[in-house]
Amino acid sequence: MPRTGVFICHCGTNIAGTVDIDKTVEASRNFPGVVHADEYRYLCSEMGQDIITKAIKENDLDRVVVGTCSPRMHENTFRKAAAEAGLNPYLLEVANIREHCSWVHKDMEEATPKAIALLRAAAAKAALNEALEAPRLDVEKRALVIGGGIAGIQAALDIAEAGYEVDIVEKDPSIGGRMAQLEKTFPTLDCSACILTPKMVEAAQHPNINLLTYSEVDEVKGFVGQFDVKIRQKARYVDPVKCTGCGICWEKCPSKAPSEFEMGLSKRKSIYVPFAQAVPMVPVIDRDSCLYFRKGRCQICEKECPPQAIDYEQQDEIIERRYGAIVVATGFDQLDPTIYGEYGYGQHPDILTGLEFERIFNASGPTGGKVVKLSDGKPPKKVVFIQCIGSRDKARGMNYCSKICCMYTAKQAILLKEKVPDAKSYVFYIDVRTGGKGYEEFQRRAAEEHDVAYMRGQVGKIFPEDDHLVVRGIDSLTNRNIEIKADMVVLAAATVARGDAPELGRLVGINSDSYHFFNEAHPKLKPVETHTAGIFIAGACQAPKDIPETVSQASAAAVKAIGLLSKEKLQGEACTAEVIQSDCSGCLNCEAICPYTAITPVEIEERYKDGVLKRTVAEVNPALCQGCGSCAVTCRSGSINLKGFSNDQIMAEVDAICLQR
Amino acid sequence: MKKVIAREKLPELWKSLAAKGPLFLPIQEGPVVLFQPWSEGAEANLDAVNTAVSAKDVFLPREETYLQYRCSGNQLELIPVENAEPVIAFGVHPCDLKAVEMLDKVYLDQEPSDELYRQRREKTTVVGLSCREPDPFCFCNEFGINPADAPGADVMAHLKNGLVLLEARTDKGKALLDQAGDLLQDGSDEKFEAAEVKTADFGLNLEGLPENLKERFEDPVWDELYKSCLGCGVCTYVCPTCYCFDVEDFGHEGEGQRFRCWDSCMYGHFTDMAGGHNPRAGRKERVRQRFMHKLQYYPETFNEIACVGCGRCLRSCPVNLDIVQAIKALGGETVEQR
Amino acid sequence: MSAALNETAGGWEPLIVSFCCNWCSYAGGDLAGTSRMSYPVNVKVIRVPCSGRMNPMFVLRAFQRGADGVLVAGCHPGDCHYTSGNYQSRRRLSAFKRLVEFAGFEPERFEVRWISSSEGDKFAEEMTSITEKIKALGPNRKMRDARWQSVTSKV
Amino acid sequence: MTTETGKSRLIEDMKMHSGQDPNGCYQCGKCSAACPVSAALDLKPHQVLRYLQMGLENELAESKTPWVCASCFTCAARCPRDIDLARVMEGLRLSILRNRGGNKFGPAELTPEQLEKLPQQALVSGFRKYNK
Amino acid sequence: MAERNVESVNKVREAVSQDLLGGRIDLLLGWEKGHYWWQSRPLFARSEADLEKLAWDSFCAVNLSRYLLEELKDHDKVGVLVKGCDARAFNRLLQDNMVRREQVILYGLPCPGMLDYNRLVEKAGGAPLEITEENGRVIIKVGSGEQEAQRDDLLLDKCKDCRYPDPAVYDQLLFSPQGEKEVTERFKTVEELEEMSAEERFGYWEKELSRCLRCYACRQACPFCSCRECFVEQENPRWQGRAYQPSENFMFHLVRAYHGTGRCIDCGECERSCPVDIPLQELNRKLIKDINELYGDYEAGLDPEQEPPLLTYRPDDPAAFSEK
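Residue numbers (our numbering), protein chains in the order written: chain A, 70 to 730; chain B, 248 to 585; chain C, 14 to 168; chain D, 56 to 187; chain E, 7 to 330.
No wet-lab data here; the hints were simulated from the structure. All C-beta atoms, glycine included, are put in the ideal place defined by N, C-alpha and C. There could be a bad hint or two in this list.
[Said to hold, decoys possible] Derived pair list, reagent style BS3-like, types lysine-lysine, alpha-carbon separation capped at 27 Å:
hint : chain 1 : residue 1 : chain 2 : residue 2
1    : E       : LYS79     : A       : LYS683
2    : C       : LYS135    : A       : LYS593
3    : D       : LYS70     : A       : LYS463
4    : D       : LYS62     : A       : LYS530
5    : A       : LYS683    : B       : LYS531
6    : A       : LYS364    : A       : LYS321
[What the hints assert, rightly or not] So the derived label-pair ranges between C-beta atoms look like this:
hint : chain 1 : residue 1 : chain 2 : residue 2 : range
7    : B       : CYS318    : A       : GLU153    : 32 to 40 Å
8    : E       : ARG320    : A       : PRO101    : 56 to 64 Å
9    : E       : SER53     : B       : ASN550    : 37 to 45 Å
10   : A       : ASP176    : E       : ARG320    : 39 to 47 Å
11   : E       : LEU135    : B       : GLU532    : 34 to 42 Å
12   : E       : LEU135    : B       : PHE439    : 27 to 35 Å
13   : B       : ALA422    : E       : LEU135    : 43 to 51 Å
14   : A       : ASN145    : B       : SER319    : 31 to 39 Å
Generate coordinates for the entire structure from the input sequences, incorporating the hints supplied.
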């Protein structure tokens with residue numbers, strides 16, 4: 070039999086005004102196991118807490134029930150008080166007789182029996198409470214950043230500056246990401262490379278940052294504070310230590326392939342760095358196009374390389390490391406607009422996407438920075454921009470707004486006017502969205518000062534005729550059909566999640582929305598956390614966003630990671646699930662429904678007849694378990710139970726609440 | 248005393264008898280016939296050869312509260328339970344009644360006897376009912392039981408054409424027939440000649456079987472016999488000679504009751520011990536226990552095999568693992584049959 | 014026998030047991046209190062971490078022990094503190110609700126609602142509404158174990 | 056111009072016939088941009104949807120658009136909001152006819168000869184379509 | 007019975023004896039005859055002599071897959087004869103990690119449905135002496151002559167609305183498949199019960215469940231009841247009391263059925279095993295019907311790769327309660 074003490078709070082008149090405290094105390098004395106009952110005006114005050122600690126010591130109490138406000142309010146206060154008296158804090162139960170009783174009922178005759186029922190339930194539960202310990206977990210003082218775009222770079226720099234080691238895993242040969250592909254940034258028209266390159270170099274040179282380019286994450290195991298990650302460093306076929314980045318190899322290389330960095334608008338060599346400011350400035354050999362790998366002869370790069378850094382025998386290398394925190398910053402892709410036949414994308418060289426047009430402006434881009442048509446090399450005089458290609462498209466299951474297109478279209482229209490002064494732009498839009506500092510002003514400048522005609526409407530068909538493209542649209546403000554003979558069409562193709570996002574999400578253990586953008590833990594209050602403790606998200610992998618937002622989110626994620634890494638030990642959840650392995654039949658339904666991958670199969674040995682039988686049962690990792698208890702419900706045999714909210718505790722509460730006295 | 252009543256008048260008889268206390272009858276309950284208390288509107292079925300569950304429910308109910316308690320402060324109040332009101336069990340076939348005699352040996356003939364059982368047994372008037380046609384599972388002949396007569400009955404009943412013939416054999420029986428009063432007519436002239444009923448011949452030879460089994464606890468036959476057993480409790484619950492029970496409390500802080508209810512040696516928890524040990528942890532041990540109990544332990548104490556050939560386990564076992572199979576496997580089969 | 018049906022001197026009053034998830038519905042209940050809303054005293058809340066913790070057996074137990082109605086409340090779909098607990102309970106409890114109705118319970122006896130931590134008003138409304146519906150239905154006798162309220166008065 | 060706030064019978068009928076909800080439209084105009092007979096329409100398809108949203112049933116009833124529409128389904132194929140405009144137009148036509156009041160023609164107006172010669176199916180669908 | 011039967015038994019025997027005697031399997035789970043020709047019991051064959059007893063006829067109702075739970079503890083490789091329902095049971099056990107596929111060889115037996123002795127008696131108006139089957143008809147011989155009946159009218163209840171008579175999984179299919187059957191009455195009783203008022207339904211179940219002996223044959227025969235420790239026997243908490251109270255009857259049967267949500271393969275062994283004929287399958291089928299209606303068609307045991315409906319979800323799932 071437990072020795073339970075019941076303490077009832079008046080909360081001034083908040084409780085005492087509606088609940089008859091004396092009656093409640095008297096009734097509590099008759100609950101099974103109750104050896105002491107008392108009341109006080111403000112139990113949460115220091116005096117009130119003293120009453121509890123004293124009573125625990127004097128009456129040798131091993132369970133405490135407090136009838137007070139909501140446990141969401143003061144459970145911790147009272148648990149601490151109990152702990153002070155040497156009692157395990159989890160042996161205390163709260164009966165919520167304020168928010169759930171005195172404040173919602175007016176009649177003392179009614180509220181008092183209800184308060185007693187709630188207390189009886191709390192006492193019945195407390196009798197079954199067990200002493201619990203929250204696990205204390207080690208923290209590996211190192212962070213992993215997945216993705217080396219501006220979000221990843223920023224997060225890594227912030228974490229590194231706080232004094233922690235960071236590894237950046239980037240799947241491309243260079244860090245830089247999407248931002249490296251941009252010509253200028255809105256609304257200031259800064260040169261993108263000019264502001265990004267110093268950050269890239271800083272990251273590369275930072276003593277706390279370790280760049281793992283041309284690498285991918287293969288496996289993530291473990292949990293907050295102790296993620297065990299396998300990283301595959303793909304073979305570059307170039308020894309990064311010997312390579313000086315002199316460029317002779319890619320100059321001499323005879324074979325070519327479409328450049329990913331240039332969106333396929335131009336070619337690069339088979340041994341290449343993706344762009345001129347690449348970090349690290351170490352080329353990779355693309356096996357698919359390399360003559361040596363395809364046909365077994367050539368080897369020109371090997372012959373020409375002054376420091377003899379070419380190594381055709383190089384193999385993928387698996388790096389296994391432990392990290393305390395992970396920041397996922399894998400960025401976005403651009404929708405391939407060929408799914409819209411009416412826009413003719415892919416069928417004419419002068420129909421481009423926004424990102425492709427971005428490369429046309431760039432001095433190191435496919436046209437050397439000259440804004441010309443890819444079809445005939447002449448500057449375009451009439452350019453039609455079409456918005457919302459694949460965004461806000463319910464019919465194709467992409468309901469969301471890509472957020473950046475309105476602004477970059479305005480930017481591109483301005484840049485166009487600067488490069489081709491006699492050019493005229495037309496923008497077909499549904500709505501212009503310019504939330505952001507200086508954004509509206511910027512867009513208005515485009516419309517008012519740069520000869521950009523904004524047409525509220527959409528385009529129904531584009532087709533080539535003679536040497537131009539006929540664009541048929543509507544202006545819904547005048548309700549006139551519009552036909553424009555354009556030289557070039559730029560499609561603001563939707564910002565979409567990376568194609569491999571679902572796979573990466575599974576690998577890392579975070580979930581996504583229906584568009585495969587990673588989910589934050591709370592849309593308002595936990596914007597960079599995920600549901601998996603210790604894993605944070607930043608940048609466009611979470612949702613479309615522009616550079617300043619991405620950078621702020623990256624810094625926010627970094628701060629969260631730093632906060633985590635700065636802890637000596639982590640306090641885990643005490644109310645975790647627990648498997649009774651002798652009863653567990655090993656069906657592992659619990660594993661299937663656990664949102665935290667906290668349950669894994671484990672093989673145990675059992676005596677059977679004269680020998681030993683091996684069988685599989687479930688095991689809970691208390692460090693990963695967050696205590697939702699869904700496993701305890703999916704387990705038909707009750708072989709997995711939730712500490713603190715166990716089957717017998719809840720049943721005891723039901724029994725007690727239903728007992729009408 | 249011999250009486251007679253037309254079958255169509257029986258509902259009136261039931262009504263009259265049930266007025267004084269519970270009247271148990273073979274009652275058609277949906278697709279099955281069960282030995283149950285009669286109530287207005289219930290459909291008695293005297294033609295059923297065997298009820299799905301035996302008549303032992305009357306004497307050893309599946310659930311029986313025998314103690315109640317109430318607590319206040321440090322006081323514990325025990326409240327005795329009056330369980331036995333006069334009961335009539337009407338239509339008990341000879342095999343079932345023979346089985347009750349076997350229960351008597353367990354519960355009454357040993358010291359201390361079982362009070363609850365005694366009370367019920369004494370207050371129960373048994374109306375035996377002769378069998379007319381066996382079903383394929385009946386094999387009571389093997390145990391020397393005459394399906395036409397139940398020697399232990401207070402009243403023996405026979406169905407004959409449209410009549411039920413009733414012969415009181417004990418004082419209790421006479422009292423019962425008296426109780427029915429005018430509903431019954433004199434039957435002194437009726438002839439009670441039940442047809443000879445021949446039950447299934449499975450070719451059993453029970454001679455010396457119990458003695459023979461004494462040394463066969465570790466016999467390899469058990470390694471095979473148990474295999475098909477699913478571990479359910481059908482055989483024990485339909486069996487008229489199984490008599491094990493469990494005790495459980497129901498209650499809360501203030502008050503509660505203690506009751507006993509049927510238990511089955513086929514259940515894994517049957518022999519769970521407080522320390523966690525279970526001497527009959529596997530199905531093999533449990534199957535062996537049941538058959539050894541019927542064929543060796545009971546006979547060793549009471550000089551007869553604890554089976555009456557009612558055939559219920561043959562009919563109800565979902566996988567057809569029954570006592571006849573066990574007897575045969577253990578060598579209780581006539582040689583010619585092999 | 015009267016005690017067994019929750020009858021008091023003032024006549025029969027239903028007993029409603031409500032299981033609320035800690036993060037949304039229980040907090041919604043707190044908000045109802047903080048906002049001094051009112052709902053019938055018949056409702057008594059048991060706190061569970063998540064609606065995914067709701068074992069249907071708890072519901073049956075409540076009916077056995079004398080509850081006239083049971084209401085499970087959890088976070089709205091998509092808002093689960095544990096990401097998927099309410100998605101899981103939606104399937105489990107939907108199947109279970111249909112099953113208990115099939116067993117002969119009136120649909121109103123067992124309900125599930127999504128109540129967020131900001132919906133104090135909805136909390137109070139739902140609690141009021143289920144109480145009124147159960148009052149209209151009358152006491153629940155189905156599955157009630159008469160032995161619970163008064164074990165010894167049975168004989 | 057006034058905005059009708061009450062429920063319009065014509066529009067409710069249209070919704071019933073077409074199963075389409077005009078409120079999903081955000082007026083991007085892609086339907087009108089793609090419509091091959093756009094030039095011949097007094098109300099462009101996106102305007103029709105806007106008028107439906109605004110409840111302007113008289114204007115719709117008088118518009119030529121539903122009758123010029125060729126049901127080519129280009130609008131439906133282009134619509135990013137998954138609204139089947141061709142159905143909307145058909146729904147409008149049906150609703151307008153039925154709301155006009157009076158039967159266009161009935162069996163009594165047909166000669167016995169016509170009744171005999173016309174296929175049964177054509178008669179039934181004709182009555183169904185053109186009768187109130 | 008006669009030749010066709012002998013022929014098919016021989017075919018089965020031939021197929022399995024190669025594997026058993028050749029050491030490919032250590033044990034064969036099959037059927038042998040019981041005391042009567044219309045009874046069968048499980049056969050645990052390890053030798054040629056054992057195989058002599060092998061039976062495959064219209065009375066092999068017992069689902070053998072469940073025996074794997076025990077037999078795989080003692081044997082490395084076990085062969086099992088599987089009808090449609092037995093194969094689904096196997097998949098069910100596979101999904102619950104109760105068996106390992108590589109430890110079992112399944113001999114598939116497309117199943118024409120098993121016959122019910124009581125129906126034979128009913129149809130023949132007396133104890134049948136033997137039967138002959140021909141083209142979907144059964145000739146029942148009784149003392150007084152012969153009776154002919156449609157085979158479909160003589161099926162066990164559990165076989166009447168069997169949709170998948172062919173094994174969904176096997177290593178070797180011993181006869182040509184029957185094909186998926188169209189069933190129209192599978193949910194008929196469920197629907198009839200749904201039509202009733204709550205009060206009537208409760209009355210129906212109270213009466214039906216009142217017969218329950220708590221023998222747990224339904225559980226023990228069931229391929230989804232594979233727990234080592236059933237909730238019924240647990241002490242902490244005591245979910246299920248032993249008393250024969252209506253409330254305890256409901257507790258057991260509702261929870262038993264609920265535990266089969268999305269897991270019940272509809273083999274009907276529960277109902278067949280029940281000594282007091284409680285219509286247990288209707289509870290199971292109610293859940294099958296609802297799950298299919300709410301969360302899409304799912305037939306447990308057909309495809310072990312398909313996620314059982316209670317182990318997954320979609321964010322836009324419907325609910326059986328108001329989600330406002």
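For each hint, the structure was consulted:
1. E:LYS79 <-> A:LYS683: At roughly 9 Å apart (the allowed maximum being 27 Å), LYS683 of chain A and LYS79 of chain E satisfy the hint.
2. C:LYS135 <-> A:LYS593: Holds, at roughly 22 Å.
3. D:LYS70 <-> A:LYS463: holds, 19 Å
4. D:LYS62 <-> A:LYS530: violated, 36 Å
5. A:LYS683 <-> B:LYS531: holds, 21 Å
6. A:LYS364 <-> A:LYS321: Holds, at about 18 Å.
7. B:CYS318 <-> A:GLU153: 32 to 40 Å: holds, 34 Å
8. E:ARG320 <-> A:PRO101: 56 to 64 Å: With Cβ atoms ~45 Å apart, the hint is violated.
9. E:SER53 <-> B:ASN550: 37 to 45 Å: With a Cβ separation near 39 Å, SER53 of chain E and ASN550 of chain B satisfy 37 to 45 Å, so the hint holds.
10. A:ASP176 <-> E:ARG320: 39 to 47 Å: For ARG320 of chain E against ASP176 of chain A, whose Cβ atoms are near 46 Å apart, the range 39 to 47 Å holds.
11. E:LEU135 <-> B:GLU532: 34 to 42 Å: holds, 40 Å
12. E:LEU135 <-> B:PHE439: 27 to 35 Å: With a Cβ separation near 33 Å, LEU135 of chain E and PHE439 of chain B satisfy 27 to 35 Å, so the hint holds.
13. B:ALA422 <-> E:LEU135: 43 to 51 Å: holds, 47 Å
14. A:ASN145 <-> B:SER319: 31 to 39 Å: holds, 37 Å
Hints 4, 8 from the earlier list are contradicted by this structure; the remaining hints agree with it.
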